[in-house]
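Chains as they are written, first to last, in numbering that gives the first Met the number 0: chain A, 0 to 194; chain B, 0 to 847.
Mixed in with the good hints there might be a few duds.
Okay, derived cross-link-like pairs now, DSSO-like style, lysine-lysine, Cα gap no bigger than 27 Å in a straight line [stated by the list, open to error]: (1) K482(B) to K187(A); (2) K473(B) to K181(A); (3) K498(B) to K187(A); (4) K177(A) to K482(B); (5) K480(B) to K181(A); (6) K187(A) to K356(B); (7) K187(A) to K494(B); (8) K150(B) to K177(A); (9) K181(A) to K377(B); (10) K522(B) to K187(A); (11) K557(B) to K356(B); (12) K678(B) to K181(A); (13) K177(A) to K557(B).
Computed, partial: chain A to chain B, Cβ under 8 Å [claimed, not checked]: (14) R33; (15) A57; (16) P60; (17) R157; (18) R191.
In case anyone wonders, no lab produced these hints; they're calculated from the structure.
Owing to the predicted nature of the structure, the values given are computational and were not obtained by experimental measurement.
C-beta atoms are modelled at their ideal positions from N, C-alpha and C, and glycine is treated no differently.
The primary structure of each chain is shown beneath.
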Amino acid sequence: MGSRASRLLREEEIEEIKKETGFSHSQITRLYSRFTSLDKGENGTLSREDFQRIPELAINPLGDRIINAFFPEGEDQVNFRGFMRTLAHFRPIEDNEKNKNTSATEPLNSRTNKLLFAFRLYDLDRDDKISRDELLQVLRMMVGVNISDEQLGSIADRTIQEADTNGDSCISFNEFIKVLEKVDVEQKMSIRFLH
Amino acid sequence: MATSWLLKLFLCVFLMACGGLSLPSEEAETQNTQRDTGTGSSSNATGDGGHGAVAIAALRIVTWKWHHITAPYLVALWILVAWLCKLIIESNHHVTNVIPESVLLICFGFMLGGMIWGADKVQTFTLTPTVFFYFLLPQVILDAGYHMPNKLFFTNLGAILVYAVIGTCWNAASLGLSLWGCHMGGLMGDLDIGLLQYLLFGSLMAAVDPVAVIAVFEQVQVNGVLFIIVFGESLLNDGVTVVLFNVFDGFVSLGGSQIDAAEIVKGIVSFFVVAFGGSLVGIAFGLLISLLTRFTKNIQIIEPGFIFVMGYLSYLTAEMLSLSAILSTVFCGVLCQKYVRANMHEHSVQTVKYAMKVFANGSETIIFVFLGISAIDKVIWVWNTGFILLTVFFVFVYRFIGVFFLTWILNRYRLVPLEFIDQVIMSYGGLRGAVAYGLAVMLDENKIKEKNLMVCTTLIVVYCTVIWQGITMKPLVTWLKVKRAEVNELTLLEKMTNKMFNHTLVAIEDISGQIGHNYLRSKWKYFEEKWMSRILMKPSARKKQDEVFNVFHQLNLKDAMEYVAEAERRGSLEFIRKESVVINFRKKFESEYSEDMPDMRANMSNGHRATSTTRERIPSVSVEMHKHTMKAMTEAEAVNAHHLLDQHLYKSRNQHRHGFSRSDFIINKDEKEVQEIFKRTMKNRMDSFQSAKMGVSPKTVIKHTKNEHQRKMPKGKSISQTKLCYSCDEDFEFSEGDSTSGYDLPYPSFPMRDSRPGGGIENSAFVSDLNPTDSLQTPDWLAEGELDSSMVAPSLRGQASPPSSPIEMRRLGLLRISTRSTDTKQMNNDQLPLPPTPPPPPPPSGHM
Chain A
0 MGSRASRLLR
10 EEEIEEIKKE
20 TGFSHSQITR
30 LYSRFTSLDK
40 GENGTLSRED
50 FQRIPELAIN
60 PLGDRIINAF
70 FPEGEDQVNF
80 RGFMRTLAHF
90 RPIEDNEKNK
100 NTSATEPLNS
110 RTNKLLFAFR
120 LYDLDRDDKI
130 SRDELLQVLR
140 MMVGVNISDE
150 QLGSIADRTI
160 QEADTNGDSC
170 ISFNEFIKVL
180 EKVDVEQKMS
190 IRFLH
Chain B
0 MATSWLLKLF
10 LCVFLMACGG
20 LSLPSEEAET
30 QNTQRDTGTG
40 SSSNATGDGG
50 HGAVAIAALR
60 IVTWKWHHIT
70 APYLVALWIL
80 VAWLCKLIIE
90 SNHHVTNVIP
100 ESVLLICFGF
110 MLGGMIWGAD
120 KVQTFTLTPT
130 VFFYFLLPQV
140 ILDAGYHMPN
150 KLFFTNLGAI
160 LVYAVIGTCW
170 NAASLGLSLW
180 GCHMGGLMGD
190 LDIGLLQYLL
200 FGSLMAAVDP
210 VAVIAVFEQV
220 QVNGVLFIIV
230 FGESLLNDGV
240 TVVLFNVFDG
250 FVSLGGSQID
260 AAEIVKGIVS
270 FFVVAFGGSL
280 VGIAFGLLIS
290 LLTRFTKNIQ
300 IIEPGFIFVM
310 GYLSYLTAEM
320 LSLSAILSTV
330 FCGVLCQKYV
340 RANMHEHSVQ
350 TVKYAMKVFA
360 NGSETIIFVF
370 LGISAIDKVI
380 WVWNTGFILL
390 TVFFVFVYRF
400 IGVFFLTWIL
410 NRYRLVPLEF
420 IDQVIMSYGG
430 LRGAVAYGLA
440 VMLDENKIKE
450 KNLMVCTTLI
460 VVYCTVIWQG
470 ITMKPLVTWL
480 KVKRAEVNEL
490 TLLEKMTNKM
500 FNHTLVAIED
510 ISGQIGHNYL
520 RSKWKYFEEK
530 WMSRILMKPS
540 ARKKQDEVFN
550 VFHQLNLKDA
560 MEYVAEAERR
570 GSLEFIRKES
580 VVINFRKKFE
590 SEYSEDMPDM
600 RANMSNGHRA
610 TSTTRERIPS
620 VSVEMHKHTM
630 KAMTEAEAVN
640 AHHLLDQHLY
650 KSRNQHRHGF
660 SRSDFIINKD
670 EKEVQEIFKR
680 TMKNRMDSFQ
690 SAKMGVSPKT
700 VIKHTKNEHQ
710 RKMPKGKSIS
720 QTKLCYSCDE
730 DFEFSEGDST
740 SGYDLPYPSF
750 PMRDSRPGGG
760 IENSAFVSDL
770 NPTDSLQTPD
780 WLAEGELDSS
790 MVAPSLRGQA
800 SPPSSPIEMR
810 RLGLLRISTR
820 STDTKQMNND
830 QLPLPPTPPP
840 PPPPSGHM
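Produce the entire structure from the sequences given, and follow the hints as far as they go.
Given below as C-alpha cells:
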C-alpha cells in the first residue's frame with residue numbers, strides 16, 4: 000500500500016510540497032498513503048463525504064468545522080496539495096525555523112497562521128470578524144445541552160465584550176490575537192507527525 | 000548521660016507528636032488515638048527498647064506532672080518557634096526578595112541550634128529520619144500531589160520520568176564512581192570507604208529534593224513547563240532513590256563477594272516493584288477517597304478530614320509494604336483532586352485547600368529550621384577537604400552533564416524542545432535537601448565507618464545547593480530572561496479557544512491517521528467520562544462539569560462582588576433584603592448608576608476617602624451581609640470572597656429566580672455527551688445534504704438541532720427579512736456604536752425574544768445615544784422579565800456591571816445600545832408614554 004502510494008506521487012511533486020509545507024519526505028509519503036486510503040472515489044481528491052467517513056470525526060464536536068477548513072472557499076474537493084497545506088498548520092515550529100529571517104513568506108505553521116486557522120473556525124462567513132452569532136454557534140457545539148440558550152447567549156455577550164476593544168461588538172482577528180497573546184499557541188496547535 | 004538520653008527521648012516523642020499534631024484538627028478524635036499509638040511506639044522504637052523510658056519515669060516520680068506535659072508542650076513550643084521564625088522573615092519583604100525564605104529559615108536554625116548548643120553543650124534537637132519521613136514529609140507531598148497541575152504534569156510525564164529515572168541513576172553512579180576513583184587516586188587521604196559504600200553515598204545524594212525545589216521555585220515563578228519538569232522529577236525520583244538506597248544498603252551488608260548476577264537482577268526487579276507498586280497503592284487510595292467523598296454529604300464538618308487521613312494512610316501503607324511512599328501519596332493526590340473537588344461541598348473544598356497549605360507550609364518551615372539546627376552538632380563534623388569539596392563539585396557538574404545529555408535526547412522527540420536556558424535552570428535547580436539528609440542519618444554506623452563524614456558532607460551539599468543556588472537562582476533567572484509564569488487571567492475566549500484547540504488537534508490526528516498524545520488524551524477523557532466519573536462522582540456533580548461555563552460562573556461571581564461592593568459604597572444594599580422582584584433592584588441599580596455617572600469621575604479621584612465615609616453610615620444594610628462583604632473585600636484572595644458572596648447570591652437568586660447559577664438547570668443531562676454530539680453532527684450533515692440537493696450552497700450557517708433554538712435565533716432567511724424591514728424603515732439611523740457593524744445589527748441581542756420588527760417610531764437607539772445617562776426607563780430585558788419570571792439573568796456585566804473607569808463606562812454604554820437595537824424598538828412600542836428623558840431619580844443617600 001505504502002509503496003504503491005509513493006509510486007503514484009512524483010518526485011517533483013514531493014519536492015514542491017516539501018518546500019511549501021516543510022514536511023519531510025517520509026512524512027509526505029506517509030500522509031499520501033493516508034490520503035489515498037481516505038480517497039474512496041480514487042480520483043485523487045477528497046470530498047466532504049470522504050472526511051465524514053472517519054468515525055472519530057462524527058463524535059468530535061467541531062468535526063464538521065474542521066472538515067470545512069480543508070476546503071477552499073466554494074469548492075468541495077481537495078487535492079493532496081491542499082490537504083497537506085492544511086495539515087502543515089499543525090506542524091510544530093522547529094528551532095531552525097524560529098531563527099530564520101522573515102523575509103520569505105511566512106511559513107504555514109507560524110503562530111499567526113495557527114491562530115488564523117482557529118479564527119477561521121469561528122468565522123463562518125469569512126468577513127474577518129467573529130460576530131455574536133458565530134460565537135454562539137461554536138459555543139453551542141462545544142458545550143452540552145445542560146446550559147440553556149439564555150445562558151449561552153450571555154456567555155457569548157460577555158466573551159465579545161471581553162475581547163472587543165473597538166466597540167463594534169465583533170471580535171476582529173487583531174482582537175483575537177490580543178486575547179490569546181499569552182496562550183502557548185505554538186504548543187497547543189501542534190501535533191507530532193510521524194517521520 | 001541520663002539527661003542526654005532523656006532529652007533525646009523527649010525530642011523523639013515531641014517530634015512524633017508534632018507530626019500528629021499537624022494533622023487536621025477536625026480529626027481530633029482519630030488524631031488523639033493516633034498520637035497515642037504514635038508516642039507509644041516511639042518510646043518502644045527509639046528509647047533503646049523502651050526500658051530507658053521506664054527507668055526515667057520511675058526516677059522522676061516527683062516531677063510527674065511536668066514530665067507528663069513535656070512532650071506535647073515541647074512540640075507546640077517548637078512549632079511555634081519555627082513559625083515565628085517564618086513570621087519574622089516574612090515581615091521583611093526587602094530581605095526575602097533577595098534571599099529566599101528557605102535560606103533564611105536555615106540561618107534561623109543555625110542560630111537556634113547555637114543557642115541550644117550553648118545551653119546544653121550537646122545538640123539535643125536534630126531532625127531524625129523517623130520524624131522527617133513519617134510526620135513532616137507526607138504533608139508536603141500530599142499537598143504537592145493534590146495541587147498538581149494535572150494536564151501539565153501528564154503532558155510532560157515522559158520527560159519527567161526520563162529525568163527522574165535515568166537522571167537519578169546517572170547522578171548516583173557517576174558520583175559514586177568518581178569519588179571512588181578519586182579515592183583510589185589518593186585525593187582524600189586515608190578513608191575507610193569501599194566502592195559499594197561510595198555507591199550507597201552516591202545514591203542518597205542523587206535525588207533532587209521536592210521540599211527544597213518547591214521552596215526555591217515557588218519564589219522564582221518560572222514558566223509552567225520548566226517548573227513541572229524539575230518539580231515532577233523531584234517527586235518521582237523517590238522511587239529510584241528508595242530502590243538504589245535499599246539495594247546498595249543491602250549490598251554493603253552482604254559484602255562485595257556475595258553479590259552475583261541474581262542479586263543484581265533482584266535489584267532491578269525491585270525497582271519496578273517499588274515504583275509501580277507505590278503508584279498502584281496511591282491510585283487505589285485515590286479511588287477510595289473519591290468514592291468516599293461521594294457519600295460524605297451528611298458529615299460535612301469532617302468531610303475534609305478524610306482527604307488528609309486517607310492521604311496519610313496511603314503514605315504509611317506504601318511505607319509498610321516497603322514501596323515508594325512519595326510516589327504513592329503523589330498519585331493519590333493527583334487522582335483524587337478532580338473528584339474530590341466535584342463531590343465535596345464548596346466549603347469543604349476550600350477547607351481542604353487551605354488546611355493542606357497550612358500543613359505543607361508548616362512542615363516545610365519546620366524542616367528547614369531543623370536542617371539548620373542539625374548542623375550545630377560537634378559530633379557530625381568530620382572534616383575531609385578532599386571528600387567534601389569533590390562531592391560538592393561532582394554533584395554540581397554531573398547534574399549539568401546529566402540534564403544536558405538527557406535533554407539532548409529528549410529534544411529529538413519533544414514537540415516543543417527545551418531551550419538552552421531552560422536546561423541551565425533545570426540543572427541549576429537540582430537542589431538536594433532534607434531527603435538526602437534523612438537518608439544519610441539512617442545509615443548504619445556499624446556497616447559504614449565514615450558515617451559522620453557522610454552526614455557532614457550531605458549537610459554541606461544541602462547548604463550549598465539550597466543556600467547558594469537558592470540565592471543565585473532569582474538573579475540568574477532574571478539575567479537569562481527565562482520565560483516566567485504568566486499570570487492566568489481567565490477570559491472566556493481563551494478558555495473556549497483552548498478547548499477548540501484540543502478538539503482541533505484530535506480531529507487533525509484522526510484525519511492524518513496518527514495516534515498521538517491528543518488521541519490518547521481524548522480516549523482517556525472518554526473513558527473517564529464514561530466510567531470513572533460515573534462511579535466516582537456524585538450524579539449532581541457530574542452535571543455541573545463544563546469548563547467554559549465554569550469560567551463564566553467565576554467571572555460572574557467576580558462581577559457580582561464588585562457590584563455589591565460598589566452598591567454598598569453608596570449604602571444601597573437593602574435590595575438584598577427587599578422581597579421585591581428582581582426588577583426592582585435592577586431598576587434601582589440602573590437609576591443609581593445613571594444618576595451617578597457624572598459623579599463617577601469625582602468619586603474615583605476622591606478614592607478611598609469617600610468610600611470610608613460612606614461606609615460609616617449604612618444603617619439599613621443587613622449587618623451580616625455587610626460584615627461578610629467587608630471581610631471579603633479585605634481578603635487578598637478573591638476565591639474566598641467568591642464564596643461568601645456565592646452563598647448570598649444564590650439565596651437571592653432563589654428568591655428572585657435569578658438563574659445565572661449552574662445548579663439551576665431545568666434540562667437534565669442524562670444522555671451522554673458523545674451521543675449528543677453525534678446526533679447533532681448527523682443532523683447537520685443531513686441538513687447540509689438536503690440543502691445541497693435543493694440547490695442551495697452547502698456552506699450555509701450550521702443549523703441547530705433544537706427547534707426552539709432556531710426559533711429564537713432567526714438566521715438565514717429570517718435575517719434577510721429583518722434586514723429588509725430595517726432598511727425599509729426610513730427613520731432608522733445607525734447609532735454610533737453600530738455604524739461599523741451593520742451586519743450583525745439585525746440579530747436580536749437576547750435570544751429569548753422574538754424579533755418583532757416594529758413600526759416606524761423614532762429611533763430609540765439614536766435617542767439613547769444622545770442620552771447616555773438615560774437608563775431609568777426600564778430596559779427591555781427587564782420589561783420582559785416582568786412578564787416572564789422564570790427569565791434567566793444574563794451576564795451581570797453584560798447589562799449593569801459597575802464601570803470602574805470612565806472609558807469602560809463609555810464602552811459599556813455603546814455596547815448596551817448596540818446590542819439591543821431591535822429590542823429597544825419593541826420596548827418603545829410597549830412603553831410609548833415613557834418620556835425620552837427620565838425625571839432625575841432621587842439622589843442616593845451615600846452622597847448627601
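Hints and how they fare:
1. K482(B) to K187(A): holds (17 Å)
2. K473(B) to K181(A): holds (22 Å)
3. K498(B) to K187(A): holds (10 Å)
4. K177(A) to K482(B): holds (19 Å)
5. K480(B) to K181(A): Distance ~16 Å between K480(B) and K181(A) Cα, so the pair holds.
6. K187(A) to K356(B): Cα-Cα ~31 Å, so violated.
7. K187(A) to K494(B): Since the Cα atoms of K187(A) and K494(B) sit roughly 12 Å apart, the hinted pair holds (cutoff 27 Å).
8. K150(B) to K177(A): holds (24 Å)
9. K181(A) to K377(B): Answer violated: K181(A) to K377(B) is near 53 Å, above 27 Å.
10. K522(B) to K187(A): holds (18 Å)
11. K557(B) to K356(B): The given pair, whose Cα atoms are some 24 Å apart, holds under the 27 Å limit.
12. K678(B) to K181(A): violated (35 Å)
13. K177(A) to K557(B): Distance of about 22 Å is within 27 Å: holds.
14. R33: holds (4 Å)
15. A57: holds (5 Å)
16. P60: holds (5 Å)
17. R157: holds (4 Å)
18. R191: Holds: closest Cβ of chain B sits about 6 Å from R191(A), inside 8 Å.
In the structure shown, a violation is registered for the earlier hints numbered 6, 9, 12, in ascending order.
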